[in-house]
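Fit chain B to the known structure of chain A by using the hints.
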Amino acid sequence: MEFRTQTLEAISPVVMVVASPEAEAICQSQNGLTVTDLLRPYGFFHHLSVPVRTVGEHSYRIKELRLRFYEASAIYQPAPKVAEDHLCAVLSNAATDVSHAPDLLAALKKGEVPDALPWFKHYREEYMRMLRFSEHETFDHPVACLLVLSASEPNVVQAAEEMFQTMTLPPALRDSSSQATLLRHHVLLADDRPQPATSPDEKLPEGKLAEMKEGLGDAACSLVRINSGDKDKRSGLAGLWHSQIRSPVEGGGAGEPASKPAMPEQGYGAALSVSDVDGLKRSLEDFAVRALIPHLEMRVRNLSQQVALTRKGFKNQIKTLLWRNRSATSAAILSSATSNGADVPATPLRTPRATTTGVFSGLSGSQAQLRQLADTAFLVQDFQTAASTLRTLAVDYRSEGLWHSYASVQELLGLASFMIGASMQEVMTHFKEAFHRFSPQERDPSRDGIRYATRSMLLLAQYASLHGQWSEAHQGLMRAHLQEEDGRAAVLLEQAALCLLHKQPPNLRRFSFHFVLAGLRYNSCNLRNLGRHAYRQVVWLYEGRHWAFIEEHLHDVLGKQSKAAGDLHGAVRHFLAMLPCPRSSPSWQSFYLRQFLDAATQLAANSPEELGPLDLPLPAVNIRNPQVFYDNQTCHANGAARAVPAAYWRRLESLLLPGGDAGQNWLDSGSKTNLASLHNEVCVAGEAVTVAVQLSNPLGIPLVISRLSILAQLQQPEEQEGADGSILAEEVEVTLAAGEAREVRLQLRPLVPGTLTLRGITWTLSDIARGERLFKLKAASGRRATRDQSRQAKLVFKVIPSAPLLQVELLGLPRTVAEGALVEGQLRLSSRGGSVSGIRMLSAEPDLLLDPSAQPDGVHEASAAAARDQTAQAESTASIGLPQANVPCKGQAFMSSWGPDFCVDGQSGPCSWPMRFHPRQPGRCLLHLLWYFEPRAGEDLRFRMLRMVHEVEVLPSLCCQAQLIPAPDDLQSYLLRLQVDSRQEAESTQLEELVCRSPGWKLEPLASAASPSLSDPAASAHSPPSSANSSTEVHGAHSSLLQQSPDCSIAQLQQPLPAKLQALLYFRLHPPLHPTPDQSKPDLGQQADAAARFHLQGQQMRHAKAQAVFEKQQAGQPKSKHKPQQDPVGAEQKQHASGSTPPAAAAAAIAPDPSQRWAGGAPDLSLHWHLSSQHLHGCHHLYKCWPKGEAGVQMLLKGPAQVQHDFAAQPLCRVRLQLSLRNFLSGDVTAEATFGAAASDAARASWSTPGPASSDLPACHSHVWSGRKRAHIDTLPSGAINHKTTEVLLSSEGMHNLQDYQVKVKDGLLLISGTRGLNDAFPDFTGKRQQLRQERQEFNFHREIRLPADASTASGHVHAKVVEGVLEVTVDKVWGPQASDRVDVQF
Amino acid sequence: MVLVCASVVGRANNPLYFRSFLPGGDAEILKFQYIVHCALDAVEEKVTAPQRRSGAAVESYLGLLYPTEDYRVYGYISNTRIKLMLIVDDHMARDEEMRQVFKKFHQAYVDAASNPFYTANTPLTSKRFDSTVTAMLTPRT
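Heads up: the sequence lines are chains A and B, in that order. If you read the first sequence in UniProt numbering, its first letter stands for residue 1, the second for the next number, and so on. If you read the second sequence in UniProt numbering, its first letter stands for residue 1, the second for the next number, and so on.
Quick caveat, the hints were computed from the structure, so don't treat them as lab data. Be careful, since some hints might not be right.
Unchecked claim - No more than 35 Å apart at the CA atoms, straight line, and that leaves these computed lysine-lysine pairs for DSBU-like:
1. LYS46(B) to LYS110(A)
2. LYS46(B) to LYS121(A)
3. LYS503(A) to LYS103(B)
4. LYS890(A) to LYS1105(A)
5. LYS46(B) to LYS432(A)
6. LYS46(B) to LYS109(A)
7. LYS503(A) to LYS46(B)
Please read these numbers as outputs of a predicted model, since none were measured by experiment.
Here chain A stands alone, though its shape is the one from the complex (with noise of 0.2 Å):
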């Protein structure tokens, strides 16, 4: 409805009806209306053209008019308590019933937002109604008195006097100059029912027309006919009235009386025909012209005289002034009699009654005059006299200071302004006006004025809202509502927050704050429906978006009165959403929880079926990325397996599968393998589907969670439907502590083939609220969009019948085990529904052997016999068609296959056969296991691999370091110094025997060195080992323990090893003097012993190492030609130094092989040692122990240590001596010996070794070389000795040195020599400038001098090295015939 529509409605004519009781009667009685409802429907004319000249010249036509019946005893204005009651009684019956309000989320949505809420409209309509009839409001005095009499009166000029003499008059009208400007109009009702025989005097309704037109007037009477109608029948006219009956006010007032008749059962005018309605019609439209417009436009023209008479002219002006003056004294007497408390006369003047700032002015006088002259014309639709008035009044009622007259004076101006088509700006600016005017100022804190001041800002919204002003109608509503009471201001919010949606773009933030303003106030004076209402229309906006505070009051607030007012299905929804608060207390959080499930065991009590799973948010569940574990082809036995990449088990399957299996490429894999291998999506019936699920409690005290499971849809094939208990689906009971996130696999079960859908989980929170989440997989965007359309197919699968699965166990396998043990444990093998077959394992370590080919513990024959008839029939490859056990594959991996004879029955229960778990290096162990197996059942899957892993945490136990020394005394054999160190924490190690696997090498204990030193390695001083107590013994082909090859030689110890000490073993070792078998391919399986089986196994990985470490060097030289050559004996260095030997054949391929001086290599060693307590028994294996250094050239001088000489006999003894040269270079050498004075020189000065201090012999010099002082050796080939004879004459007794002879090699361009004394002898001619130049690369140096500390010390070796800026110096000094020590020496 437009703005002008309204205006016109609201400010038109108001006709006072008085009616007859008899007319009453008449129309109740068959109606259910009062007269003056009966007249409503019809009080408005359009298509009028009703020429009218007011106080201008020219004349204007009135198109459409309104009047507004009222009864006279209902026009006054209630007093302001019963209209706020009224006013709340209409709230509170719209608060009844809030399910008819518009959801605002879906308006929005729609993009048609209400202007109003429903009862915003009615409330209005009330509240306008309730203002009305205020004595200074001239436009709502009635300004005709229609007087209805019955037809059946006897007298009606006669009644109708009477009627107007005692009608109660309005308190407006109460004036006698009032009542005489009151026009007055006559109405005959007529009954027009069939009435009973009727006496023949009594007159028809036209006889008494015309009877009353005689006597009071032909246009001041009228007839209306009604009832004429059926009242069984409806009229259809009951819509009508509907809307024009306004419920009473208590009391009365307001336009209607106290008390109305109740609506009939056939609804309003059921009596009433179309004649009636029309006669009706015609009678109030000639009243309305011919009566009505006529008065009013000289009763316009009336006041505007006046007006001029009194304020025109200068006479006039001045009393005015006069006036006004009198009245401001008056005023201030008042306003000072009223401040000191006495006695103030009821009406102490007549004009104003009151002037007091903010009290409505009287109606006498000149501005009285003028106010009803300017409302008149308003109501004739003369709106340029009305605002020209009102203007005029305003100037002086503001300079009156009267602010409440002035504030009503700019009202109706902002009206009259809008009328006659002035700004917006300008109307508005009269509504703002007239609200701050009306609004209680600080100097008048009374609040008569803010009901006012509220009605001028809904006019002002109203009329901004329908032009479109949707800010400045917000506006007016805010500041209106600022001072009104919590009901309207409830009201007023919320058509402020509508005005904020149509805004563009809407502002959806301060609707939704003005809403939640709005239920505060709702609460505040108990209008709870209507404040639900609000909350629930605005919490969706703060939904997900992370105000904690705000979604946690509206939730609080809602739930608690949804739960109030009987809604448990809101209440639970509400408190739920309040769960999630982790910035609350941990109190505060029990206490939402309890609060939750409280709500949720009523609604569980009282409707079971409306509590159904919930949407819970605790705990956390992560939904969007679910790790689904299941078997098809390819099987995990534990978790373990699981968690290794999948690329790795690929390529350990490629090693394990057949040619055929894997194929060359995916076409050909994919054309030789069956559907389920090419299909990730494929799991088994009867095998476990799990699902990994993150969850978390993000609150600060425990949950507890049961009944957690799996949701999930199994669709069988149509043929199967119907079965029932297709799915078996775990429960868990989880305990999620304050803050905990845990993963938690459910496991899931499909019995029968068919379709599987993974949706979701569902869980139980304190076995109260039954909680589901689904799954909802990341989405992404654009390209990926495909993708992850895949990634949520990854909960679908395609269930395929059951397949027989092999079950493997290890049995004996410990946790933690201690480095180097050899453990015996069992291999159960088993299978769950069905056969199998075809077994092959591949291990990827080498640390578990296996022997498929022994008889296994618990097999029987019959299922093995059955086997064996079944697989002769398949095809079987010549590697697989045997049981072979530890078959080395790519890498370190090694397979063992049972071979295709046997079968591992299900229904015979599990076979078992023996295995070794032989760990090498200390930390943690994973056994990767893979099995390979052939179901005998099931279609689709041909084949199934099995993966295993088995962690096993190793201990460090003992660190084992040997080293070879060419003997000093022999050029042949060698001293082993063998250091171990105990890394137990505090058991004692035995240490049992030392075998010596290589063939040929023979072990012997040195006699002065056979106990072990102990010492503690955390010292730095090493005594050197005593010769006491020797307990080794050597055997040449047997041992007690072990069961060794005729090759090997052990040497006994039975010593034990404290924890966290240092053993040093040393013994002799003879080389072989002939060439051995190559055993660089052992046969694994053949060897019965486990350490030896092990101990092969590791030359076996070496040998596989150093063969691929020199293929991928010879794959790498021609790329780096411009590299600068390695030095071979560098190469061999670092080889050695990192303990990685090669073999002999491709070491020597690389660099000339100093270990070719041995036949077969370099010596192998295994140390064994035994646990006690923990009955273990372990060893450690030593592969190709290289001499320290290089040995270079060798010589000895050998003679006898003491001559017995008879000097009286013969002056000289001749003593003969031999010197031998052994060259370990590679390539030839040759050398020169020189013996006497040409060599003294050089040796004192290098030289000056006492004797022996425990000879007490005289030192003696007096010793003369025989025979040829120069010995030539042309050439001495690599590896050969030289043996060169001399003697030596003494001429007297005592201890010779001697220390006078010399020794030069020359190989090449390198000249080396050397001396020493008599069979202490150990120069080490190695190339020393060779090794200078390379070792002061890695800042080393290596030089000769001369140790003091012992007498018998000739030379030592020193190597300095600069570590982390400390240069630390090691000696390596020669204990003559004994073995070396080391001594550290620290600068």
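Here is chain B on its own, set in the frame of chain A:
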């Protein structure tokens, strides 16, 4: 000028940091959250309004956003659409003064967001940022 609340609002209009300087506890924070949330409408209006005026650049300092009965909300927007909001219990705050305060506030946010362990658009839990903001704003209270 009395600053009673400081907040950082993320690109998705989610609160990243919220700090009340009044001793009212949760009730004060709730009230300020409502006010700051409302003020986001004004931010959107101010940010989108210049686009209608031939692409004029949006100034970082947005000025007064939302006056309420007791407080006034001032705003600042960064180039990454992070909104900094301050609630002032003073109707006489000067724009130039507020501009300076916001620059410091923004610098503190930039420092906190530059932490390599901070994920963009997540709540700011840095104690250093909190102490910086408190130190920056408390002397004025």
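List of violated hint numbers, smallest to largest: none
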